[in-house]
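A.B. asks: Here is what each chain is made of, one letter per residue.
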Amino acid sequence: METAAIQTYGLTRRFGALTAVEGVTLSVAPGQFFGFLGPNGAGKSTTIKMLTGLLEPTAGTIDILGQPFTAGALELKRQIGVVPEGMALMGRLTAPEYLRFVGRMYGLDKATTNQRTDELLEFMQLADQGRKLVTDFSHGMQKKLAMAAAVIHGPKVLFLDEPFEGVDAIAAGMLKTMLTGMISRGATIFLTTHVLEIVERLCSHVAIISQGRLVANGSLEELRAGVASTVPGTEQTQRLTLEEIFLSIVGADGQQESAQELTWL
Amino acid sequence: MAVSNGAGGMFGAEARAQYGALARLRWHMFGNGMRSKKGALELGARAFTFVFYAVGGLGCGVGAGAFAYLMVSGEKWAYLPILFWAVFLAWQGLPIMLASFQEQFDLGILLRFPIRFGSYFLLYVVFGLLDISTILGGLCCLGLLVGTTVARPELFGWTALGLVVFAAFNILLVRAIFAWIDRWLAQRKTREILGAVFMVLILSVQLLNPALHRHRQTSTNAAQKEDQAEQYRRAKAEFQTRYGPWLEAANTVQGWLPPGLAAQAVRQAAGHGSGLDDGAGEQWGSLESLGVLGLYVLGAGAVLGVRLKAEYRGESLGVAPKRAKLVAGQDKKGQEKAGLGVAGQSKARVGGGLLDGAGPIGAVIEKELRTLLRTLPLLYAIGAPLLLVLVFSSAFIRNGPAQHTFKLALPLCMVYAQLGFTRLFYNNLGAEGAGIQLYFLSPTPFRTVMLAKNLFHSAMFAVTIVIAGTLAMLRLGVPEAEVLAATGAWLVFSLPANLAAGNVFSLTLPYRVNPGRITRQGGSQASALGALLVQAVVMGLGAAVFGLGWYLEKIWVAVPLFLVMAAGAVVAWMRVLRNADGMANQRRDTLIGTLMKEQ
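Same order as they appear, the protein sequences are chains E and G. Just so we're aligned: 71 in numbering that gives the first Met the number 0 is position 72 of the first sequence, and the numbers increase by one with no gaps anywhere. Just so we're aligned: 26 in numbering that gives the first Met the number 0 is position 27 of the second sequence, and the numbers increase by one with no gaps anywhere.
Don't take every hint at face value.
Okay, derived cross-link-like pairs now, EDC-like style, lysine to aspartate or glutamate, Cα gap no bigger than 20 Å in a straight line [stated by the list, open to error]:
no., chain 1, residue 1, chain 2, residue 2
1, G, Lys596, E, Glu121
2, G, Lys235, G, Glu225
3, G, Lys553, G, Glu481
4, G, Lys596, E, Glu118
5, G, Lys596, E, Asp135
6, E, Lys131, E, Glu121
7, G, Lys75, G, Glu247
8, E, Lys131, E, Glu118
9, E, Lys175, E, Glu243
Partial list, computed: chain G residues near chain E (C-beta under 8 Å) [said to hold, decoys possible]:
no., residue
10, Thr148
11, Arg151
12, Pro152
13, Gly358
14, Gly432
15, Arg446
16, Asn584
Beyond 12 Å from chain E on every Cβ pair, some chain G residues (computed) [to be verified]:
no., residue
17, Leu294
18, Gly361
19, Val363
20, Leu372
21, Phe439
22, Ser441
23, Pro442
24, Thr443
25, Phe445
26, Val465
27, Glu481
28, Gly546
29, Met595
Just so you know, these hints were derived from the structure itself, not from any lab. Backbone N, C-alpha and C define an ideal beta-carbon position, used for all residues, glycine too.
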């Protein structure tokens, strides 16, 4: 049996009385492009923080590449790349300085760091912004830089928290190409985003979290079949989009009805 | 249909509802600002700071009142304008300087609501009433009123009227100035430039002190003192002859300016200054002064109105110059690209790291250096005490030349120089911002990060101490060898002691340092008070050991004692470093949340 790239058992995180994530058990196979979806406040970012060592789980375990993952698992961290929610940028450095810093923190040698910094800045169309401080970058440019920093050490597992937010269409297209290239070379990508079209296009497997609990997990076809079986008539009439699957699973029907009641709008 | 038709003008129902909403917004902002996740210690420290500032503000008011009482009761009317000018300058100058250190609440956001120009104008002015300078100015005016009334109760009415008009002028003027510059200050670079100018001004003012002391120090005996007094009298007479007419003219001019007019109104109400001998004539003079002051109020209001009207129509001063600059920059880049490819540029830029071969420790040190050089508050924190050592050292040589200085002046100067490192030592993660996440994501242990930071700060500390020591010795003369050795030994003790305590504070009570501000960092008061306490203990131990040496008349005794204490401090520092990963991981949620939090 192949070792999972990411495996969690009963992952739970509580903040005082609030349970943000409860009993999440999931498995992501190596080379899989995995979409992790959920409404606002469902627990996506909390889960990704626990998976990357930014937040300690209250309960449950995490295995990455077959090894237990804790905050002190330094060797394992070399295999992981992350674009976290806050992007982890350092505002008072320029983009080349920041990438060089990140490369060295991941233990790359000077020549490799410099070469990859050059290539990544070129690829992200940031090469002509070399003298500008990161704090003066636009949000989209910061996202691109965060993405460059996440991949500079060639990670085997990549965690992306809303990587396309604020990124222009051209750059988004390039990023998608880069990510699919990484998948074809055997990397595993764990992606959270609110843009369902991107997940539908890129991801082979999807999990949906709602109110801290995992409510769906499987390939797109499995989710489609699951929803179709619960909604009468859908299996014959149409092929469900991910948006329809998502809305069906997280139970947004009631909210849609509520919205229709706002007759004064 | 529940939408208001907007009728009723700037005091109509809709406008009143908008004022109420904004008042509630301010109240909620104030209330939410008091919330703290850092616990009772932080809340207590904040309360202490609030009381401290409140006492300071009240002190200014009481001072103004006392000055006014002395001037009015002593009939020293010529000096009364000085008080009004001081209040005026503080009122106008303080907010401009403070604005360079704090984010501005942009009232322009109100323009997306259906708000009338009159209401916008009024809200803009009313918002100004909550400025720290207006509160301070108001307290000074109140003090002035009380002082004048106690001295001459019959002046209460005229003084109150004059102060109300004077305050109205100040409020409108300061808001008018703000209306022109607040968008400009909203840009990071301009805010930092103004901060740097302020820093230079503060240091320049501090350096006046030793410059003035220089002249006092030469008077060592009665004959010299008499000679100096004679020289002073001659210089004063010469000054009056040369500049007297200019001063007279300046005094006349200031009498037509708002602070002078306000002072004149009070003076004339008291029966001085108009030249008319009956009471009605004096009161008419007061009215005249207040009338002219009223014209100034209208003028300030008009200036504010013109600016706000432009803003109301959608103009933004802050954005336009930046756009123009960007376009110019793009043109330049385009020209450069014609001669040199972008890849070539980036390659040229990327090379030349400072500590390329040193791995994560070198990377952190290089990053710290780059960040420090671009972070004004940290540079200020280090630079200011260094220069102030010059000021401080003058305290020891007032009574004679260098050879008569206080024996332990050098260690005291070193203590002063060390104070600048408090923020670097005790909040060494504060400037990381969102970058703190990287330390938890990367395979570099946290203790390596802390070690690199400690090494960098130690190097900075060593350089600063050498410079401060050299400056102090140039002013005070080289002390005896035993004092020099004991001072060195104390530094060897205090550095690891502060680093050990600083690492603990940095991991347990962190606060975000905003790189664009010098003051108002919204930091942890508990951390500040705790750091002060630890520093006091370290200095107290130093003072006790030096005191023992002084008492035994063998200062050298301090050297072995300090070295033993230094060994203990080094052990403590290493222990803290060893536990740094555990401490950081245990508090990573708080660390990340606090340091990433927008202020």
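A.B. asks: None of the hints should be skipped; say for each whether it holds.
C.D. replies: Results for each hint:
no.	hint	result
1	G/Lys596 to E/Glu121	31 Å, violated
2	G/Lys235 to G/Glu225	15 Å, holds
3	G/Lys553 to G/Glu481	8 Å, holds
4	G/Lys596 to E/Glu118	32 Å, violated
5	G/Lys596 to E/Asp135	18 Å, holds
6	E/Lys131 to E/Glu121	15 Å, holds
7	G/Lys75 to G/Glu247	17 Å, holds
8	E/Lys131 to E/Glu118	18 Å, holds
9	E/Lys175 to E/Glu243	23 Å, violated
10	Thr148	52 Å, violated
11	Arg151	57 Å, violated
12	Pro152	58 Å, violated
13	Gly358	6 Å, holds
14	Gly432	6 Å, holds
15	Arg446	11 Å, violated
16	Asn584	4 Å, holds
17	Leu294	45 Å, holds
18	Gly361	7 Å, violated
19	Val363	8 Å, violated
20	Leu372	9 Å, violated
21	Phe439	5 Å, violated
22	Ser441	4 Å, violated
23	Pro442	4 Å, violated
24	Thr443	5 Å, violated
25	Phe445	9 Å, violated
26	Val465	26 Å, holds
27	Glu481	44 Å, holds
28	Gly546	43 Å, holds
29	Met595	5 Å, violated
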